[in-house]
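Which chain is which? The protein sequence lines are A and B, in order.
Take 1 as the starting number for the first sequence in UniProt numbering and just add one per residue.
Take 1 as the starting number for the second sequence in UniProt numbering and just add one per residue.
Since the hints were derived computationally from the structure, they do not count as laboratory data.
Note that CB positions come from ideal geometry on N, CA and C, so glycine has one too.
Any given hint could be a false lead.
[Claimed, not checked] Taking CB as the label site, the calculated pair distances span:
(1) B:Glu135 x A:Gln158: 51 to 57 angstroms
(2) B:Gln94 x A:Pro113: 26 to 32 angstroms
(3) B:Glu86 x A:Arg66: 33 to 39 angstroms
(4) A:Ala98 x B:Thr138: 33 to 39 angstroms
(5) B:Asp88 x A:Gly141: 34 to 40 angstroms
(6) B:Gly141 x A:Gln158: 48 to 54 angstroms
(7) A:Arg145 x B:Gln94: 22 to 28 angstroms
(8) B:Arg168 x A:Gln158: 53 to 59 angstroms
(9) B:Thr118 x A:Phe122: 50 to 56 angstroms
(10) A:Ala62 x B:Lys50: 18 to 24 angstroms
(11) B:Glu135 x A:Thr118: 55 to 61 angstroms
(12) A:Pro113 x B:Arg97: 28 to 34 angstroms
(13) A:Asp155 x B:Glu33: 47 to 53 angstroms
(14) A:His84 x B:Thr131: 18 to 24 angstroms
Protein chains: 2
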Amino acid sequence: MSQHEDQHRPDEPAVEPPTGQDEGSAATPTVEELDDRWRRAMAELDNQRKRHIRELDQVREAERGRLAAAWLPVVDNLELALSHAEADPSSVVQGVRAVRDLAVQILRDLGYPRHDETDVPFDPARHEVVTVVDEPGTAPGTVVRVLRPGYGDPDRQQLRPAAVAVSRKQE
Amino acid sequence: MSQHEDQHRPDEPAVEPPTGQDEGSAATPTVEELDDRWRRAMAELDNQRKRHIRELDQVREAERGRLAAAWLPVVDNLELALSHAEADPSSVVQGVRAVRDLAVQILRDLGYPRHDETDVPFDPARHEVVTVVDEPGTAPGTVVRVLRPGYGDPDRQQLRPAAVAVSRKQE
Chain A
1 MSQHEDQHRP DEPAVEPPTG QDEGSAATPT VEELDDRWRR AMAELDNQRK
51 RHIRELDQVR EAERGRLAAA WLPVVDNLEL ALSHAEADPS SVVQGVRAVR
101 DLAVQILRDL GYPRHDETDV PFDPARHEVV TVVDEPGTAP GTVVRVLRPG
151 YGDPDRQQLR PAAVAVSRKQ E
Chain B
1 MSQHEDQHRP DEPAVEPPTG QDEGSAATPT VEELDDRWRR AMAELDNQRK
51 RHIRELDQVR EAERGRLAAA WLPVVDNLEL ALSHAEADPS SVVQGVRAVR
101 DLAVQILRDL GYPRHDETDV PFDPARHEVV TVVDEPGTAP GTVVRVLRPG
151 YGDPDRQQLR PAAVAVSRKQ E
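Working from the sequences, and respecting the hints, build out all of it.
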């Protein structure tokens with residue numbers, strides 16, 4: 001809150017680090033000096049904690065703004081596709097496809113790549129089984145259809161697994 | 001890093017707060033005790049700083065995931081609109097309109113309401129003038145058309161001002 005507090009960089013403690021013990025008796029601190037040092041360290045702990053709380057809020061807000069701004073082109077392009085549709089209804093499909101590709105790219109740039117691979121073995125970390133189907137000629141437990149793509153990777157950050165149809169065990 | 005460190009809640013300092021001075025001579029700490037107290041306070045300052053750096057990363061990552069997940073329905077609905085378009089091309093316009101409304105609602109829920117008001121006085125904090133037009137019968141400096149909506153409020157959080165056409169000063 002004080003000017004003093006705000007001038008400190010978070011990585012610079014307000015109090016000096018412990019000095020060596022080999023400075024001779026002239027440098028030996030008195031009880032009063034040591035008590036004062038300790039009280040200042042305690043005050044700095046409190047200041048640091050308050051700064052941290054403010055910083056957490058700022059970081060959260062900045063991240064929210066950054067991400068919301070990243071999605072504005074999606075909204076703009078949707079409106080563009082709609083306004084073109086009035087003149088040429090067939091153009092809207094092309095426009096929507098471009099918007100979909102843009103949205104998928106934004107998710108990839110944020111660290112959530114799209115996953116809609118088929119013909120891969122079922123993996124409980126990546127796939128959510130929606131239905132089991134008979135698929136002759138396919139190894140059992142193979143992803144044969146993706147009903148809803150997944151985004152992100154389970155070992156890093158995953159928004160959701162892919163919803164898939166898996167081939168049945170052959171009896 | 002140590003077990004000791006991780007057991008502390010951030011709002012609980014590892015060292016005791018200063019005690020009163022009126023505890024009698026039996027409680028007067030020695031130089032060694034005071035030096036030890038101070039060193040523990042310094043160590044806690046360092047631990048607190050390290051915890052905070054980790055927390056900042058966690059908060060940023062959690063906020064990113066929360067916002068990306070909020071947009072997934074937009075991507076899903078775009079794909080739904082596209083798949084319906086194959087059967088009935090005219091249905092896509094209706095689908096896209098619903099997706100646009102959903103995107104605008106997500107932005108509002110994130111704290112960025114849409115602004116596309118016309119017939120309001122030009123406000124440099126809310127509007128970016130793209131063109132000035134002759135509009136007889138309109139007070140000069142009035143927003144007569146919104147070319148691109150704005151999102152958010154200037155006194156809180158603004159993603160961008162609205163791009164507008166403003167009526168010219170009458171000579």
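Consistency of the hints with the structure:
no. : hint                                    : result
1   : B:Glu135 x A:Gln158: 51 to 57 angstroms : holds, 53 angstroms
2   : B:Gln94 x A:Pro113: 26 to 32 angstroms  : holds, 31 angstroms
3   : B:Glu86 x A:Arg66: 33 to 39 angstroms   : holds, 36 angstroms
4   : A:Ala98 x B:Thr138: 33 to 39 angstroms  : holds, 37 angstroms
5   : B:Asp88 x A:Gly141: 34 to 40 angstroms  : holds, 36 angstroms
6   : B:Gly141 x A:Gln158: 48 to 54 angstroms : holds, 51 angstroms
7   : A:Arg145 x B:Gln94: 22 to 28 angstroms  : holds, 27 angstroms
8   : B:Arg168 x A:Gln158: 53 to 59 angstroms : holds, 54 angstroms
9   : B:Thr118 x A:Phe122: 50 to 56 angstroms : holds, 55 angstroms
10  : A:Ala62 x B:Lys50: 18 to 24 angstroms   : holds, 22 angstroms
11  : B:Glu135 x A:Thr118: 55 to 61 angstroms : holds, 57 angstroms
12  : A:Pro113 x B:Arg97: 28 to 34 angstroms  : holds, 29 angstroms
13  : A:Asp155 x B:Glu33: 47 to 53 angstroms  : holds, 49 angstroms
14  : A:His84 x B:Thr131: 18 to 24 angstroms  : holds, 21 angstroms
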